[in-house]
Amino acid sequence: MEDRWLILRFKRGSTDALCRIYEKYERAMLAVAFGLLNDHSAAEDVVHDVFVAFAQSARRLSSAGSLRSYLTTCTANLARDRCRAIRRQARCLDGAQATSRDAPSPLGEVLRDEQLRRLSDALSQLPYEQREIVILHLKANMTFAAIARAQGESINTVQSRYRYGIEKLRSIFNGELER
Amino acid sequence: MKPAEHIKRLLTKLDVGPSAEMHDRTLTDMMAAHVRQVERRRGSGLPPLWALIARYAAAGVGIAAIVLGIAVAMLAIRESATPVYAVEQTVEAIKKVPVVHIVGRDWDDRQIEMWVKVNPETGLMDSCQINYLDEDRFLVSTPRNTYDYDGKTNTVRIKDGPSVASIFCLGDFFGGVEDLAKQLDGKVTYCGVTDPGTKRSMLELKMSAPNLEIVCLIDSRTKLPISIDVTRGVRFNRYDILRNATLIRYDDAPPEGLFDFTIPAGANITIETTQDPLQSLPASVLRHCGEFHLRTTEETAKPLGIWVNTRLFFVNGDFTLRTGGFMEIRNDSNEVWKGEVGVGNMDPPNMAIFDAATGKKQQIRLVQHRQSPPGRFRVYWQLDEPLPAGQTRYGIYWQNDAVAMQQRPTDHAYSLVMDNRFGCEAIENFVLIVPPGISIHDASTEYESREEIEGYSIYIWQRHLPQQMIVNEVQVLLSPAGPTDGQ
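Line by line, the protein sequences are chains A and B. Residue numbers are given in my numbering: position 144 of the first sequence equals residue 144, and the series is strictly consecutive. Positions in the second sequence are counted from 1; adding 1000 to them yields my numbering.
With the rest of the complex left out, here is chain A (with noise of 0.2 Å):
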């Protein structure tokens, strides 16, 4: 609820208000772009143009959804693009992604827990599509139908997509998870 009051407050020009929502939603965002991207400066940028954006769309907010599912859209949408365009580049460059693939990523530096590291691992090993959808809805408690929404996709895809993603993981853990 306090959500939809800050939003109307950002509507009207309060910089308070938006500094409110920043200081909310800045290490949840950061946490699905991270999960998303696995790259600690790449997810900065990409939380810093959501935020940078958010500020320009007071007018066309609604104040009736919810500024999370919204936030954490835009968050995917431009980390999508990023891995898009990281893609491309890799594919210039002809090797470089093995090369990075095999650099100490800053995950090392940020994450001190082995399993979370290996979570990590395992999740950039998913097809971004699989790994889309197994974070938001795992960690952004994104419900199936918001993410075939926000995706233009079917729910029986969306769906599927997380199912195969998960059974992915737990092939990769070796069973582990089901310990």
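Because the hints were derived from the structure by calculation, they are not lab data. Please read these numbers as outputs of a predicted model, since none were measured by experiment. Cβ coordinates follow ideal geometry from the N, Cα and C atoms, glycine included. Heads up, some of the hints might be wrong.
[Stated by the list, open to error] Footprint (simulated), chain A over chain B, 3 or more residues, beta carbon under 8 Å:
| no. | region |
| --- | --- |
| 1 | 1016-1029 |
| 2 | 1131-1137 |
[Stated by the list, open to error] Listed below are the simulated SDA-like cross-link pairs for lysine to any residue, each with C-alpha atoms no more than 20 Å apart in a straight line:
| no. | chain 1 | residue 1 | chain 2 | residue 2 |
| --- | --- | --- | --- | --- |
| 3 | A | Lys11 | A | Ala42 |
| 4 | A | Lys24 | B | Ala1033 |
| 5 | A | Lys24 | B | Asp1411 |
| 6 | B | Lys1152 | A | Lys168 |
| 7 | B | Lys1361 | B | Leu1383 |
| 8 | B | Lys1223 | B | Lys1152 |
| 9 | A | Lys168 | B | Asp1029 |
| 10 | B | Lys1223 | B | Asp1411 |
| 11 | A | Lys24 | B | Asp1029 |
Once you have looked at the hints, place chain B on chain A.
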């Protein structure tokens, strides 16, 4: 533990902190973008009145004070001639407006914003939302219920029917203004004024009585009021909400889902309702459940020669649960059945039976058995139409009072366990019905199908039970504020 749950648990630990550089850079760029945006809006083609308000609102100055100043300035430039006008024109014009957006102050001098949906048939208010702009509070009133949310205490009060606030009605006020003046020994006068900003001509309607004065500005072209101000007097009755409506707009698109209320996660719920939630359940929802039960019987169970058992779980918007199931009466006699038919023994403090084919509520009669313990009754279904020989009639029964569901402190989700021990080979269906604004957060078994009918979601789990008795159980977590689509 399911793999998804394990991964979810790991993902909750995925908490990445921003670097100081990123934090500063984002804040700086975001604020710069925001300021640019506000500046652009100031220079946009908004009507002068709104442009002024946007500017002063951004500067933190009360909207009402500014608008009041403008209203006073307008009144100063009066025209002497009074244009031809009848107040009925305003009443008729209001009837054609689907949504009214109002900003003003209430009798406690709180700044409020109202969205009012007008019923095109009556011209009266259908639903409304009131936002208290200086408090974390808002109220949604619909013909069915009123939800009053107080953010400070995170409490929702749910009442039967529309709020007293919804008695506020523009059409009513204008339709009755002449009578009101007579009652109070006052009079109504009209005169023409010009808005100095738009140069448009306006009508000023003034109702003056010894203890009350109300001034309204009416757009001469549209005949719609653009401001209403009680300039003198006290609250006329306790249902009055607005002391002044400083801005009234008719062309603002209301935000999507404006009159849908979703109970916030973790909110305390106070129910001040006596209405049985079953009364609000659309007949089409029950019909759908009935059709599903019959289809299962015909297509799946009959070829196997086994039973179908369908259990119903209805969660209301205030997270109270009613459980029920399907019943059938088969006329195995050679005569037409009329009147009432015994359908079993129950202990039903709040038993209800609905026809599965039509969704219509049925009359029942409860008879205390002499041999039965107190509180246990024989239930008779009073047939509203005769049941021919060899025919079967299906009913849906609800067997208990609404029970408040338990909320988990960890994630504020509501836990529901649907279980049954049928005892022989059968097809068992668990049907979960939830109203708009409630969604499944997690489930121990994925549901088989989901349908949405008149906003209600109907989830179905189906299982082929073996011959030996087992516990068929599905655990579901329901969440009050499932994420919605992006905007």
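Q.
For A/Lys24 and B/Asp1029, compute the direct alpha-carbon distance and say whether it is at most 20 Å.
A. holds, 17 Å
Q | Pairwise hint evaluation, B/Lys1152 against B/Lys1223, where the allowed Cα distance is 20 Å at most | A | violated, 40 Å
Q: Compare the distance between the alpha carbons of B/Lys1152 and A/Lys168 with 20 Å, and conclude whether the hinted pair is satisfied.
A: Not satisfied, since the Cα-Cα distance of roughly 45 Å exceeds 20 Å.
Q. Holds or violated: A/Lys24 with B/Asp1411, Cα cutoff 20 Å?
A. holds, 18 Å
Q) Do three or more residues of the region 1131-1137 of chain B come closer than 8 Å to chain A, measuring C-beta to C-beta? A) Answer holds; 3 residues pass the 8 Å Cβ test.
Q.
Checking one constraint from the list: CA of A/Lys11 to CA of A/Ala42, max 20 Å. Satisfied?
A. violated, 29 Å
(Q) Need the status of pair A/Lys24, B/Ala1033: alpha-carbon distance at most 20 Å? (A) holds, 19 Å
Q: Mind taking a look at whether chain A covers the region 1016-1029 of chain B? Criterion is 3 or more residues with CB to CB distance under 8 Å.
A: This one holds; 10 residues, not fewer than the three required, reach chain A with a Cβ under 8 Å.
Q: Verify the proposed pairing of A/Lys168 with B/Asp1029, using a straight-line Cα cut of 20 Å.
A: Answer violated: A/Lys168 to B/Asp1029 is near 40 Å, above 20 Å.
Q: Compare the distance between the alpha carbons of B/Lys1223 and B/Asp1411 with 20 Å, and conclude whether the hinted pair is satisfied.
A: Distance of about 52 Å is beyond 20 Å: violated.
Q) Would the pair B/Lys1361 and B/Leu1383 pass a check requiring their Cα atoms to be no farther apart than 20 Å? A) holds, 11 Å
Going through the hint list in order, the structure does not satisfy hints 3, 6, 8, 9 and 10.
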